[in-house]
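Start from the sequences and build out the full structure, keeping to the hints where you can.
Read in the UniProt record's numbering, the first sequence has 97 at position 97, and its numbers run on one by one without any break.
Since the hints were made in silico from the structure, they are not lab data. Among these hints, one or two may not hold up.
In silico DSS-like cross-links for lysine-lysine, where the CA-CA straight-line distance does not exceed 25 Å [claimed, not checked]: (1) Lys-111 - Lys-180; (2) Lys-398 - Lys-362; (3) Lys-396 - Lys-362; (4) Lys-377 - Lys-396; (5) Lys-398 - Lys-373; (6) Lys-354 - Lys-373; (7) Lys-398 - Lys-355; (8) Lys-354 - Lys-377; (9) Lys-396 - Lys-355; (10) Lys-355 - Lys-373; (11) Lys-373 - Lys-362; (12) Lys-355 - Lys-377; (13) Lys-197 - Lys-180; (14) Lys-362 - Lys-377; (15) Lys-396 - Lys-373; (16) Lys-377 - Lys-398; (17) Lys-354 - Lys-398.
Restraint-style ranges between C-beta atoms, simulated for each label pair [to be verified]: (18) Lys-396 - Leu-60: 36 to 44 Å; (19) Ser-67 - Glu-188: 37 to 45 Å; (20) Lys-354 - Asp-135: 19 to 27 Å; (21) Asp-117 - Gly-149: 17 to 25 Å.
Glycine residues also receive a C-beta, built at the ideal position from the N, C-alpha and C atoms.
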Amino acid sequence: MEMDWGRTQSPYPDPEQAQPNKKRGGEQDGGPDGGPSATMPPLTAADAFLVLEFVAGNRLLPHSLFSGLLAALPSVSPRTSTRLRKAVALRALEAALSGSDADGSGELPRKARDVLDDPGVAAFFPDHLAVVRDDVAALRRLVDAEWAGLPPSALELEADRIAGAGALDTWANADQDTRKILRLLVGESTEREILGKLGEGPSKAPQVDEAANAPGTSGANEDGRAQQDDEANLGRGKGEGNHAQEDCARHQQEPVERTTDARIPEKPVPSAAIKGKEQATSSHVTGQAAPDHNKSHPVTGFKPSLMERKPSAIVYEWDDSGDSDSERPPRKRQLPTYERKMRPPPGVPHKTRKKWTEMQEKTLIEGVENYGKGNWKEIKIAYPDVFQDRSTVDMKDKFRNMGRH
DNA sequence: TTAGGGATAAGG
DNA sequence: CCTTATCCCTAA
1 MEMDWGRTQS PYPDPEQAQP NKKRGGEQDG GPDGGPSATM PPLTAADAFL VLEFVAGNRL
61 LPHSLFSGLL AALPSVSPRT STRLRKAVAL RALEAALSGS DADGSGELPR KARDVLDDPG
121 VAAFFPDHLA VVRDDVAALR RLVDAEWAGL PPSALELEAD RIAGAGALDT WANADQDTRK
181 ILRLLVGEST EREILGKLGE GPSKAPQVDE AANAPGTSGA NEDGRAQQDD EANLGRGKGE
241 GNHAQEDCAR HQQEPVERTT DARIPEKPVP SAAIKGKEQA TSSHVTGQAA PDHNKSHPVT
301 GFKPSLMERK PSAIVYEWDD SGDSDSERPP RKRQLPTYER KMRPPPGVPH KTRKKWTEMQ
361 EKTLIEGVEN YGKGNWKEIK IAYPDVFQDR STVDMKDKFR NMGRH
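Following this line, the structure appears as structure tokens:
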């Protein structure tokens, strides 16, 4: 599946490793060359995937930007995202078509032909290709239609999950720790809106008093957050079609009894202390400082929401100069009207067991064949769409279970 | 992060 | 009940 990526040479061969064996090399050197500055954590391949997949499929973003990102970001395999592969094909086609209509002959320029002859590209237009073969105008219409039909990016799906159409489910199923994170992402006003629709008051004063104490003991509680993004943050993809069971987001990072009761006491206990189920009776827990990764805002007690605009933000316009037909003004994502169906019975931890689909099982087997048993993280990254709502532990357990037959 | 033990929801 | 698939906990 070779593809013409434009001027940048394809960095694609694979996410940095093809060997099915253990290799725990340093993920990346925070090297001085082009790498992220010291103030930013390095981008993982998974992050790069999210960025590229979003940018590639947005027609308004020029190809120069896309190829620049392609060169700058860690390499990502396009195989697993229809949107990414299709967008790349469309960009290649557009590049080949650009400025080629001058002769008005309607003839397909050779460059465009070359692109269409790429089986990796042709695969996306199985039905229409024959019709379009020699007709530039028809090909352009096809390209337009395909752009319009591109599936949403994982980032957009995730945004919908936490603040859009899926917000109610997501929040209803989130435990307190997860909600804390959601609040940071979404902002307190949106949080109120969501909780209001859920019929829960805003969660009790999210005290962040820890900022004050945290004596010596230094880095003892530094981790435990980093991994959080992997399992809990990716929303389901392709879910739109079947809301049958797919739409109960679950977050399992921290063991916590979920309650719908709005006034759950804060959980100012180091996670290690929570493991037992008796924290309620432990008399001195309140003195502990909760490990918190957030620098609390002096006034609000919270880091400003990531959704809120920063004063330092700068806007670059793509001077597209042309069609402003679908000029969409920045608008808030619409929350669906509240339906009472999702209210879980109070006190009951409502976790939905998710059956493994046949496709997930087959993909898991394929992943083990390609990457080796035990490299669950790599497999998950290799098939982000398939395993979006499966943790690496889920995958390990599933494979173990499948082996027993 | 992973492997393995154990708990528990689901379904006979 | 018993079995099975899924989920959770913890050591390393």
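Each hint, compared with the structure:
Restraint check for Lys-111 and Lys-180: not satisfied, since their Cα atoms lie roughly 52 Å apart, outside the 25 Å limit. This hinted pair checks out: Lys-398 and Lys-362 have alpha carbons roughly 11 Å apart, not beyond 25 Å. Under the criterion of a C-alpha separation no larger than 25 Å, the hint pairing Lys-396 with Lys-362 is consistent with the structure, at around 14 Å. The straight-line distance between the Cα atoms of Lys-377 and Lys-396 is roughly 10 Å, inside the 25 Å bound, and the hint therefore holds.
The suggested pairing of Lys-398 with Lys-373 holds, with an alpha-carbon distance near 12 Å, which does not exceed 25 Å. For the hint pairing Lys-354 with Lys-373, the CA-to-CA distance comes to about 22 Å; that is within 25 Å, so the pair holds. This hinted pair checks out: Lys-398 and Lys-355 have alpha carbons roughly 10 Å apart, not beyond 25 Å. Using a Cα cut-off of 25 Å, the hinted pair Lys-354 and Lys-377 holds, with the two alpha carbons roughly 20 Å apart.
This hinted pair checks out: Lys-396 and Lys-355 have alpha carbons roughly 15 Å apart, not beyond 25 Å. The suggested pairing of Lys-355 with Lys-373 holds, with an alpha-carbon distance near 21 Å, which does not exceed 25 Å. A distance of roughly 14 Å separates the Cα atoms of Lys-373 and Lys-362; the hinted pair therefore holds under the 25 Å criterion. For the given pair, Lys-355 sits about 20 Å from Lys-377 by alpha-carbon distance, which is consistent with the 25 Å threshold.
For a cut-off of 25 Å, the pair hint linking Lys-197 to Lys-180 stands: about 18 Å separates their Cα positions. Proximity of Lys-362 to Lys-377 is assessed by CA-CA distance (about 17 Å); at most 25 Å being required, the pair is judged to hold. About 9 Å separates the Cα atoms of Lys-396 and Lys-373, which keeps this hinted pair within 25 Å; it holds. Taken as a hint, the Lys-377 and Lys-398 pair is honoured in the structure, with Cα atoms around 14 Å apart against an allowance of 25 Å.
Taken as a hint, the Lys-354 and Lys-398 pair is honoured in the structure, with Cα atoms around 12 Å apart against an allowance of 25 Å. Taking the beta carbon of each, Lys-396 and Leu-60 are about 41 Å apart, inside 36 to 44 Å as hinted. Checked against the hint of 37 to 45 Å, the C-beta distance between Ser-67 and Glu-188 comes to roughly 39 Å, which is consistent with it. Separation of Lys-354 from Asp-135 is about 47 Å and departs from the stated range, judged on CB atoms against 19 to 27 Å.
The supplied range of 17 to 25 Å is met by Asp-117 and Gly-149, whose beta-carbon atoms lie about 23 Å from each other.
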